[in-house]
Amino acid sequence: MAQDGPTGLERFINGILPENPVYRQVLGMCPTLAVTGNMKAAMTMSAAVAFVLICANIMTSLIRDLLRPHLRILVFTLTIAAFVTVADRALAAYLPEMSKELGPYVPLIIVNCIIICRCEVCASKQRVLIAASDAMGQSMGFALALASIATIREILGTGAWFGVPVMGTWWPEWGIMVLPPGAFITLGALLGVANWLGTMRSGKAATGEK
Amino acid sequence: MTLASELVLIAVGAAVINNFVLHYFVGICPFIGVSRRVDMAFGMGCAVTFVISVAALLSWTFTFYILRPGAPLTSWAVRSVTGKADATLDLSILNYIVYIFVIASSVQLVEMYVRKFFPRLYKSFGVFLPLITTNCAILFACLEIMKHVSVGAGGGAWGAGGGAAWGLAQAMTLAIAGGLGFTIAIVIMAGIREELDHCDLPEALKGPGITLLIAGILALAFMGFSGVDKTLSGLMGGAQ
Amino acid sequence: MKDSYIGQAWLVLLLALAFGGMLAGVQASLSGRIEENKRRETYDQIPSLVVIRDRRTGKVATRADAAKTVEVVTDQGKVAYHAFSSYGKPVGWVIKGAGQGFADRIELLVGLNDDATKILGMYVLDQKETPALGDKIRGEDFRDRFRDRFTKEPLVARPVVTDASAGNKIQAVVGATISSRSVCDIVNAAVADFKPWLAAYQAKGADERPGGEED
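Protein chains in written order, with my numbering: chain A, 4 to 213; chain B, 157 to 396; chain C, 7 to 221.
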């Protein structure tokens, strides 16, 4: 099959920063705000999303020739829902504390725009390997985004990182960072920074390279 | 406590105190995307409320009668097939798949209904209606209902707070109030953003950036409602 | 148009069957562990909830009193855990309480002595209180304040308690008075609901008691 567009490796690298699902595509906001109160929860969630995204992409790519336009979204949704159920049950069985903390946000991966978007845009049109590397790149980008927000919120909010105290006892814990307002403000500020960096870089490229 | 006071508590809780957008972080994508003008925002809020109610009705019915452990229809079917008097089948593993199908169907139903009876409204909704399928708020409402309907599987508690499985009234109240809360949040945000059009924003913050920052301040304001339900339940004489 | 719907339905049906099988497999292999996790949560806490601790040294009063076996008694959906020492002597009861906290529902375990005249401990199973404020009800500090309290009067949480060891006044978590009061209310309600049942249970002969299981 002719290869159109970026290769697998390019897709993988694209997913991490240039087409980062949170900062560039502004998708998947719900878990980004909800589970980034501490690093452990954020990393568990990104592992779950990675599992679902990779499995769903591979599955969709395998059956891409059988899909018809009208029922395609239905098939994506069914696939994603099945894998999310597996991920949720596995978490409840092997990491019960995390499962309780993440609560309803693991099943909400089903309606996470990132996964449906990747299935639609990439996996339904590309070979399995390319779809898989795209999924892995996007997952890494998502994990990076979650880690950046969770680090700020956890260190400022509780003085710890991954539960290990790093700030010492002099730090007055900014409890607000762990609460909803802190989530919104952190993500908004970081989005602004990401946009600013993006325009700076494209500005440099326009004046420097051309 | 009486059913009426329980419903009031659920409604106030879902709409204001634990607002779906500002406390539970669901429905953020349309919240950022559709909140530029008040009329569009209000339309989106109404559509979401409508879909959430239909979806909650269907998913409560499925969960209560078929999916939860010990559900009436499933038990009856299993007992007729196997002949054992106390056989049960726990179909709750299929919960999420059923819910997402219910939501997709509800969106289709609402779309057909609106197209038939309110064609002008349908035109103004445009592409929003199908997008509601990926709105986290609706699946979240279904999950909350599932949580409260499957109660009793974890070993009963003593005292009045044991909590009986939610009936249809409680489920519908949660759904409609949740949709109302979403509407309130998105309309407030739209009002603020309309004013922002006249402001001199830094380029990097335009769009999602400033919306999230303002949402943070709104969330801070709504945090002031915490504990109101405790006072309300005391006022209504609920035994807790 | 109709052909394509029905014609393509075979894919959806096939996938539905395949995924159904996969999920059935997941359910069969994992549901045991999940149930076990839920039970562990309660069982792991029972020994520390019914032990009688010397307030000064923090040690268990006598080793013979440590809860070794638990008999689960269920009655109309309510579950009570009866703990026995390794000598078979009844050590205490553990019951679950639940109710409205400041933010959301709180679920907790209460440890009582064998005739429910004293509260021996409290453990919060599930809470969604304000992080760094209300969720201090899970901390050892707050849990310790529930040890060795008489149940004849309901517990009351106060922001400032000068004589913490006496009576029924519990020092509330600083900045989380409502969460602390909710915990006390839930504990009081659970104990009040349990005491009459226990009196009836102990009045019955051993063979008339409702079913239980050894663990």
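Among the hints, a few may not be true.
Said to hold, decoys possible - No farther apart than 16 Å at their CA atoms in a straight line, the calculated lysine to aspartate or glutamate pairs in the EDC-like style are these:
#1 A:Lys103 <-> C:Glu41
#2 C:Lys44 <-> A:Glu104
#3 C:Lys201 <-> C:Asp121
#4 C:Lys134 <-> A:Glu100
Simulated from the structure, these hints should not be mistaken for lab results.
Structure-based check of each hint:
1. A:Lys103 <-> C:Glu41: Judged against 16 Å, a Cα distance of about 14 Å means the pair holds.
2. C:Lys44 <-> A:Glu104: 14 Å, holds
3. C:Lys201 <-> C:Asp121: Judged against 16 Å, a Cα distance of about 8 Å means the pair holds.
4. C:Lys134 <-> A:Glu100: 14 Å, holds
Consistency with the previously given hints is maintained throughout, with no hint failing.
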